[in-house]
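Asker: Produce the complete structure using the sequences and hints provided.
Chains A, W, B, H and Y, in that order, are what the protein sequence lines are.
Start counting the first sequence at 1; every next residue gets the next number (the working numbering).
Start counting the second sequence at 1; every next residue gets the next number (the working numbering).
Start counting the third sequence at 1; every next residue gets the next number (the working numbering).
Start counting the fourth sequence at 1; every next residue gets the next number (the working numbering).
Start counting the fifth sequence at 1; every next residue gets the next number (the working numbering).
Simulated from the structure, these hints should not be mistaken for laboratory data.
Computed list of lysine to any residue pairs in SDA-like fashion (alpha-carbon distance at most 20 Å, straight line): (1) A:215 - Y:202; (2) A:215 - Y:207; (3) W:215 - A:272; (4) W:104 - A:268.
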Amino acid sequence: VSATRQRMFGAHRADIGARPGTLRLPPDSPAPRIRLVQYDSSGVQSEEVADLSRLRDRTRAPGSTTWIDVRGLGDESVLRALGEVFALHPLALEDAVNIPQRAKSALYAEHQLLVARTPLVANGSLSLPQVCLILGPDYLITFQERAFGFFDAVRERIQAGIGPIREQGPSYLAYALLDVLVDRFYPVLQDLDETLGEVEERLVEGNAPASLLGKIHSARRQLVNLRRVIRPQCDMLRGLIQLPSPFISDEVRTFLRDVDDHAVQIADRVDSARELASEVAELHLSQLSHRTNEVMKVLTLMASIFIPLSFIAGVYGMNFDYMPELHSPIGYFVALGIMATVALGLLAFFWRRGWLGSPED
Amino acid sequence: VSATRQRMFGAHRADIGARPGTLRLPPDSPAPRIRLVQYDSSGVQSEEVADLSRLRDRTRAPGSTTWIDVRGLGDESVLRALGEVFALHPLALEDAVNIPQRAKSALYAEHQLLVARTPLVANGSLSLPQVCLILGPDYLITFQERAFGFFDAVRERIQAGIGPIREQGPSYLAYALLDVLVDRFYPVLQDLDETLGEVEERLVEGNAPASLLGKIHSARRQLVNLRRVIRPQCDMLRGLIQLPSPFISDEVRTFLRDVDDHAVQIADRVDSARELASEVAELHLSQLSHRTNEVMKVLTLMASIFIPLSFIAGVYGMNFDYMPELHSPIGYFVALGIMATVALGLLAFFWRRGWLGSPED
Amino acid sequence: VSATRQRMFGAHRADIGARPGTLRLPPDSPAPRIRLVQYDSSGVQSEEVADLSRLRDRTRAPGSTTWIDVRGLGDESVLRALGEVFALHPLALEDAVNIPQRAKSALYAEHQLLVARTPLVANGSLSLPQVCLILGPDYLITFQERAFGFFDAVRERIQAGIGPIREQGPSYLAYALLDVLVDRFYPVLQDLDETLGEVEERLVEGNAPASLLGKIHSARRQLVNLRRVIRPQCDMLRGLIQLPSPFISDEVRTFLRDVDDHAVQIADRVDSARELASEVAELHLSQLSHRTNEVMKVLTLMASIFIPLSFIAGVYGMNFDYMPELHSPIGYFVALGIMATVALGLLAFFWRRGWLGSPED
Amino acid sequence: VSATRQRMFGAHRADIGARPGTLRLPPDSPAPRIRLVQYDSSGVQSEEVADLSRLRDRTRAPGSTTWIDVRGLGDESVLRALGEVFALHPLALEDAVNIPQRAKSALYAEHQLLVARTPLVANGSLSLPQVCLILGPDYLITFQERAFGFFDAVRERIQAGIGPIREQGPSYLAYALLDVLVDRFYPVLQDLDETLGEVEERLVEGNAPASLLGKIHSARRQLVNLRRVIRPQCDMLRGLIQLPSPFISDEVRTFLRDVDDHAVQIADRVDSARELASEVAELHLSQLSHRTNEVMKVLTLMASIFIPLSFIAGVYGMNFDYMPELHSPIGYFVALGIMATVALGLLAFFWRRGWLGSPED
Amino acid sequence: VSATRQRMFGAHRADIGARPGTLRLPPDSPAPRIRLVQYDSSGVQSEEVADLSRLRDRTRAPGSTTWIDVRGLGDESVLRALGEVFALHPLALEDAVNIPQRAKSALYAEHQLLVARTPLVANGSLSLPQVCLILGPDYLITFQERAFGFFDAVRERIQAGIGPIREQGPSYLAYALLDVLVDRFYPVLQDLDETLGEVEERLVEGNAPASLLGKIHSARRQLVNLRRVIRPQCDMLRGLIQLPSPFISDEVRTFLRDVDDHAVQIADRVDSARELASEVAELHLSQLSHRTNEVMKVLTLMASIFIPLSFIAGVYGMNFDYMPELHSPIGYFVALGIMATVALGLLAFFWRRGWLGSPED
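Answerer: Okay, structure coming up:
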């Protein structure tokens, strides 16, 4: 579990007191692979760039949009070279490659930094990898820790020219990518909803195995993490919509409003799911108490009835020489009668207390 | 339960990365049936429209209001055609037909989109279907997932010309519909109040069957969902009142203030009911603990008194050849006396601890 | 309990979809009785008005204040007639007579509507009836569901001319009435405080009968309801102080600030009382757990010591022909010795665990 | 406890509907004793004033500051006379002597009213008496319910001329007094911290006597009350700093900022202590559950092992004429062997479940 | 634990009513050691200053930055002398050396006071010592209670001239130091995360020794304290960024925004960790309940089956002269048969209740 935790956000901060702008690269990130996609309304060029000087020399056709997709953060020299090519602010570059960050938007003179997170379910465990976007006047650079493939659908839309994506500039591309990152929360929430629903159903049926505890807890844990991630994302999106920025057109703002609506909806659902999970946990606890109560009743009933009877039997099992009852011909039957009376009296007592009712009721 | 969950909000998001404006229609929604209601102070025309070209050709009499009520979202072509007739913004149309949305108001150049939810109790289970309104200068379009019949009373008011509804434009109609959607929360809350009240009454009477757990939990679950829906609705209504919009007259704003008052009151009651439900759940748990305590006391009393007595009887049931007490003529009675003494001593001990008091007290 | 709930706020909303301005009268409210009080600094006239035309014809002496006190809302025609006499806005009249409302202030062109609630303890159960005030330039109309008598003290002050009340206009009268309504919360809170204090005292003394559960829960329930009522009242009063209104003079604002201080103080006390009640409930639960623990210890002690001893006795009660120990002359005493040893060993074991300490400690 | 409650805030509101400005004096407050302290940078005069006309006649030297310290509120005529001498606003006088008030600042034309509370530990119980300050252009009047002696240190500073207090006007004096009132919270918090720390220590050592319950609860109760008092005090101080007032100089504002910092720090510490106390209460509950679990394990172990063994012994203690095993020469030893086998089997079963591990672990 | 508490924040407030500006020095702080670091882009001078007159006489080269690092607060005369040299405001000096303070920023005419805290783990226990910075136009004074060595890395960066630190003025230095203080929270949080992760893992494995209680509680306690410290720090940093100050350049504001992002991220993580810790504590409690339930089931099973059987054996162990069954040749076997029937019946009963299922399930 501890290992899962670390994977969930990454944890490679170090070097307290290091000078600002230091690149603290994620230790297990592969070497960067860089894809260059250049498009305008008339066409698309897409290629993997091995040599960064290739980027430096590219001619930027006016009106065209350049998308640099960096997958892997394992080589500082490549990242610094990229920073030089696009004249990135040192703090922007630091934030873009240092994992983990809080979702945020930071406006610099030459470009705007956006940091977001999105859920990723791999091998049944949830992580929340970070994606950074640097939005310039005619380019967009995206940084991913590994080649996650989040953006494949958007790249295909660009290739195929579906919708207005090729007519619009880099801020529309940023919108499209943010939309993907936010929409990825939906299926995760759906799964959590279903897990909680199942647990609930089993609990309401009165079925509370110990393994449910782990399931409930795991859901609550994921919800705590989702909430930690989605709330700052809402703030970031609201900031994008409301604060002036030279890199985002008014038209794209309308679209971002839509992404923000989704993010807020997700945050609401996370909160509701958390409340529900907490109530399911309480339900579980109540059910356990109820069961213990039922078990106790059975024990008390059996023990309270038979222990006194056994005592009576024990008395007449004593070996004293002089015990007058033993020699009476009806002694045995009187003793049995007393036992029956005691048993019936106790049953009546428990009946009056309602302990003999159906335990399901 | 899981099935109920899905029905509660619908859950058919898909196609992450699809281009914006994509219509993701609810999978089990019937084909749209469209009713056209056109009215002014002098009269009303109402008809089911099968052919959309009929809408295109209608003459909009100046001063008259057109209400298009779309029930069912199962056919994309019809919806797109409608969007063309009224020149709806792609995002507005997407939001209007994509289920689920968060309650919101979005202002476009040509019209204003309103999304609301209202409770619906069918077959004893609560769902919260969504209704979208698109408010234009002289028309109002409403989208429902199925023909719910929420608006029948308003249509009858228009037909019968009760009140000022025919004198006012489409924003007053929107107000009347929102008023209906909000007022529908009251009976649901009333039912929840009564359920909680019943549970409470039974608990205070000391009657805590396991089935109450399910009832409490179901109420809390519904309250979580109601809250998730009503809070954004309050925000949406407050926005309608405060933010400028060319489609809403000042007079209608006064009326919307009234709807907002109701929505806030409902939100308050939902919150109070949630607090109450949480306290009822705690009361239940306390009662279970109290009962377990009572059961334990009985068991402890019976076992603690008779186990030592049985032991004494057991000692004199041993078959040793040489046990001097056994041959004493008063041995048996002395043994009985010792047992009585032990029993009384233990009773006195428990009495001092207050364990013999009436368990009801 | 469910009945109490309904009485607490009233619950007669109906007719979803009815046109706005519909008067939904409380079903069990008596017919209105109307008292007219007219006063200025020189004198007072007070009379019960049976015929509303009497109100229409009254001459409003300049500088005099008219107070119409409507007790009972059971006759729509009377209320509508009153609305006509004073030219009340339909929504204002609707809000004034429709029960229940949230505390609020609504400013209309001709008058201002104020809705407040105040606690009423009758037959040992708490309700929170609503009072509406409509404040005009030279009149104040008050609506009560029944003749509650909340305002008797103020009427007597007017009659007797105590203080500046006759020199001031209707807004000062509204202030005096709101002051009464808010001050009525104090004794209710006092009673709740005392109830909680008593429960606390008994719990700290270690005295936790099941009946305390009901007391704690009833206090928490009342506090939930008080909070639901007092918070909007604070908002309403703050609005009166801060928002401009032609009907409230600056001097009266100073006095309203005082009422608001009281309302905020009450809200604070309700919150503190709720926290305290929640802690008392937790204390109760802890005490129950502690007691169960104590009971268990006694049972475990008794059973763990005597069950092994009984077993030993049982062994030598067996009837095998060949059991060598039985024939030893010291067999019996050795057996007793073994039993004593086992018992002492177990006592030592429990002693080491600290289970033999005084259970009070 | 209930008595403590009433002392904690006082509770002598009455006369609902009385006219504003009514003095509702605390019922058990002694008759006012009034001390007059007059000082400027050159000297100090201090005297007990028996005759209020003495105040009326005093000559106010220009530049000198007059401090009237009223201890005891038991005589309305004295208080009204004082109000006349200084021309106090009726509401200000009412608020100054009516107990209890919420901490607040109210600005009148001629003076400013400040209400604060401070903790007082007497006979081991905490109360939070109220102190009111009326700050005029050249005087400060302080009202205390009894002669508490909170201000002795400040009076001595004035007498001895320590620091700039004699050079500054009445607002600096007000600052000095508020500083004292706020600083008095520190030792109370310190004590609560230590109490909680002790309880914690004992709990972590596994030592959970029932008496801890009372200690935890008492700490939580005090914290609820401290919070209720300190939060409004922070608001009041912030108001003093931010809102314009003719009676408070900018220099004194800088000092008040310091008092506000302290008050906010205290509020933070109260909140943290409350969270800690709540966690300590949970820890206690968990420990109780853990102990019950341990006790149960021992009981189950002992009972589950010996009850079957006793049964076997019981079987061979039966007196049937024909029981073949009884006559076998090895019968006894076989029976013992079977018992040993059963016992070992059960031990193995419990061992596998981990119930035989050290209970401390 | 109580001792730890006091160390966590220090607790040497005293002298209520003392005049403002009084230096209340931490009682166990060593005598101040003062290091003077003077640097500009061309070079660095660093020395320990024993004689304060040395500070007075230093020539401040234009454009150079002076950093006075005071470690130890044990000598009032030295601190006062320092205050004179730099003309520090009395309240600033008081706040700088009085422990404890809340994180804050206070702007004076000649300088700005910054108070921050940072975690320090020594001997396995967490404390949160305070560091004060006084930022002037060309100097920065730092006050530490002891020589903590937090700033060694920064001093080395100045010595080595790494990064732009020597080109920038004292506000950049303040930024660098604040950055260090904030970054020190990360490893502490990491450790807490790991502790909680471990506890979680053990709980999910069903392993809940009592010692976990202490671990969870200690983590929650530390989180309460971290939260109390980091939230005001965020406020302080936000204030630095947003409020105008002559001592902080716009360029440094950009860097401070980065520190603020980190502080907010830490606060978020503390909150998430607190939620997680609270859920882990609930999980623990649920697991305890579940285990108690399991233990109870075993006890109930064993006792309920064997107690009735023992009773039957007891009956036939009675010594009555006339018990017909005893003399039947098949009596013994019939008795055994009855016992077997009873046992099987009870097993069937428990089987139907599902109590015989695998307890792990």
